[in-house]
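Order-wise, the sequence lines are chains E, R and P. For the first sequence, position 132 (counting from the first letter as 1) is numbered 150 according to the working numbering, and the numbering increases by one without interruption. For the second sequence, position 647 (counting from the first letter as 1) is numbered 762 according to the working numbering, and the numbering increases by one without interruption. For the third sequence, position 34 (counting from the first letter as 1) is numbered 148 according to the working numbering, and the numbering increases by one without interruption.
Treat the hints as calculated values from the structure; they're not laboratory data. Fair warning: there could be bad hints in the mix.
[As the list claims (entries may be wrong)] Below, a list of computed lysine to aspartate or glutamate pairs in the EDC-like style, where the Cα atoms sit at most 20 Å apart:
(1) R/293 with P/206
(2) E/142 with E/121
(3) P/117 with R/309
(4) R/616 with R/634
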Amino acid sequence: MTEITRTDLTSARELIAFRIGAQEFCVDIMSVREIRGWTPATALPQSPGFVRGVVNLRGAVLPIVDLAARLGFAPAEPTARHVIIVAQIETRVVGLLVDAVSDILTVTDDLIQAAPDVASDMVKTFVRGVLAIDRRMISLIALDHLLPAVEREAA
Amino acid sequence: MDPMAAIKQTFFQECEEQLAELEAGLLAIQDGGYDGETVNAVFRAVHSIKGGAGAFSLDDLVHFAHVFETALDHVRSGRLAPSHEVLGTMLRAADALADLVRAARDDGSVDAGRCDALADALRALDPDAAQADEEADGDDGEIIDFQPVPLDQSIFDDDLATGSVPSQSLFLIRFKPKPVLYAKANEAAVLLRELAGLGEMTVACDSSALPLLSELDPEGGYLSWSIELKTEQDEAAVREIFEFVEWDCDLEIERQIGEAPGEPDVAALIEKMQAAVEAELSALGPTPIPVSEAEPAVIDFAKAREKKSLQSAGDQGAQRADPALAGAAAQTTIRVDLDRVDRLINLVGELVINQAMLAQRVQEAGLARASGVASGLDELEQLTREIQDSVMAIRAQPVKSVFQRMPRLVREVGAMTGKLVRLVTEGEKTEVDKTVIERLADPLTHMIRNAIDHGLETPEARLAAGKPEEGLVHLSAAHRSGRIVIEVSDDGAGINRARVKALAIGKGLIPADAALTDDEIDNLIFLPGFSTAQTISDISGRGVGMDVVRRSIQALGGRISITSRPGHGSTFTMSLPLTLAVLDGMVVTVAEQTLVVPLTAIVETLQPKVADVHGFGGGARVIAIREHFTPLIDVGRELAYRQGDADPLSCVALLVECEGGFRSALLVDAILGQRQVVIKSLEANYRHVQGIAAATILGDGRVALILDVDAVVASSRADASFEQLLATAG
Amino acid sequence: MNKTVLTVDDSRTMRDMLMLALSDAGYRVVQAEDGLHGLEVLQGETPDVIVTDINMPRMDGFGFIEGVRGDERHRAIPILVLTTESDAEKKDRARRAGATGWIVKPFDPVKLVAAIRRVAA
């Protein structure tokens, strides 16, 4: 249950840690393109509540995912102090709305524990593992499923 | 890349062009609108394919092209009349030739039986078939035996045949050029030099025929030579030297048995000979032009080119020195990597957005319209727009590339359905953005299939109806009010409205008692779920119905509709934007959101009055526009920006027209203005959003969504009772 | 200085092949797409040899040869006719128009260069 995930014991990687409410999360720095301040988004109709809308990222249209709402917390009420983590998910570039960026961590894979089995769908879907650092618990987020699935054209 | 591989690639590209030319030419001949040059062009196309194929040892292709070329030559020489049957065979042969080209290109295979049968059919066209067979067999061998040979540097070495040679022969050659030899720019001296390359040679020049200077004919030939050549080469090699001049000289070549004369000094001989020739030439007048006189012409030429073409940026000196450049300067087009053009288009898009942002900042800063800054901005806007138009024009292409695929489709579908079809195309040169062209082929293919399969009657039915046996499918393209309009019409039976309506009722798409106009019935074929196996044969079908065609056209910001006259045929009309990069739109606000409505959809804008708006049960509302009741669609509610209904009196209505001519009024809060916007994809980073066509970035740097008018109208109609709305929409 | 060859052929493939064979052999190559274009190019170039196709749009090889021979400045330039049409009639017509020699397509690069050497001073 607390089995350590071993992919490559010698590999060190960097993670960006951020806060949502009182909890801490992190994502692999390799998928992060930049970090920006919050700017008001243009709402998208017919979209799930966790999609805040779209903003202009140097000429490209960037969807903003409210990570709090996505992870099952109360939706964020963004202020100028909120932060958007611009991340690459496969071919798409997405903005993740979080409260604040807290840290950059260098960890080896053996420090990443499997997520505790709390049987929550949210955890199963998005949390790849947890790290215990300075008595903090930081959840490692997998980005793959953050966006709603691409709708298939009904043929 | 290996240079031969690169040339092979060029060859296949060129083949595609020639195949298109071939088909177009054959069709023109079929239509009677042709002249000798058309026949020549057709012949040339096949001839060039054969020539290139020979160079790459593509034997199947060479064979077929040769048989084809022979048949075409009969037409060219007037021995074979281009009858309907002859052209039918040739068009099918053109298709087979295309298949052979592609098989050779992709290392694929072709239906050999079909090609052989067509080759036989082509041979059978020969007015004198037996003779043609012989000719074909004779020529084939000669054409195929070519293999590109890497050049051996040794052939340039002048000191060739030296060293010990076991079997040498002695040739006695008498060579007396006629004047005409020189008129064709052959040179006795050059021939003698080549001859000397074969072995050891002694030359005696006989100038006894040289007249007095006053009697010299400038074009005359007065010198003759006696040559003794000791060589290991055979007589054929010696004769080959004189191959080009044998008609233009007196030539005797005798092979001597016995001892060759002693050691000659070839270089000295040539020198002597050259001197003799030059003496003749300098005495005579027309001499090759000295280089110094040719020089100014080069510069003039380069200057003239500079004005005409884009690429003469290099300096003129370099142009003369570099053969590649000199060759390029003679052309007026350049090839550019598409990525570069796309990058340029993206950058211009950014420029347009930036210009708009700047304009807005200036306005916000409260600068007067008449200020220098404002007028400078106006000029900038004008320039930006011109740059954008010019850049878009780079990517514009004639629709020909798509249209020229259709004749083959028509032949195939015609053959499958047993219908006789003639395709007439018009407006092939109409230009549209490359991205639009690429996405045009599928819907067009489907519409043409549909026109033949469902539109046209069988030959028997046509004759019975008093029509010509051969059905007509007309395909046209034209620019109309900033869009491209493509029409596919047939002269078939038209839509069977009773059947279409019965089918729609049977499928529950409309209520049994729906009162529909003829136009509305015709356009039922675009409803999702209308097309099924029962109405769509294998040919039109491929599992998609007209609703998919409509959706793919809508996805391009286009519209499609059909009009039909019973007994006279149907016309599909689709209109598409000229580009997928920019759009003219009306910027509006709806529930505090800024939206862009494509200008092409908007018929007019109006201010609703209280007396004009009527509730219509089930939450639907209509608005009376010049005594015509039109469905009123609250965009804010449709997009779920707000729950309750907007008050029409504080709003603006946009009268829009969707495909099929249905009109609706879209209720928005306010109109901010009209402007050109750069289209940005939502799908690139997110996904398609129902009711939204795309996004753009406005002057304030924020994203605004572009409304998909057709989708919003369609979804509102789905919400409301269809029957009620139709009753009022008519 | 390298000798210059003007190639006149409507086929891009053939022009490319000639370019490859001739530039490999050390010639400088200037290209034209048909007879008319060839005459245009001659306004600014004085090649040592011309290699021309016969069957071309706008102006065919015969017309081109007559054009070259009719021009004082170019009448002395040797012209080789490049054609698959090896029959005597075409060759004879080209000769009568003033062609210096001919090369039968598909050409062998070695024979091509040999033919050029047989006419180029």
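Requested in this report: If any of the earlier hints don't hold here, list their numbers in rising order.
Outcome: 2
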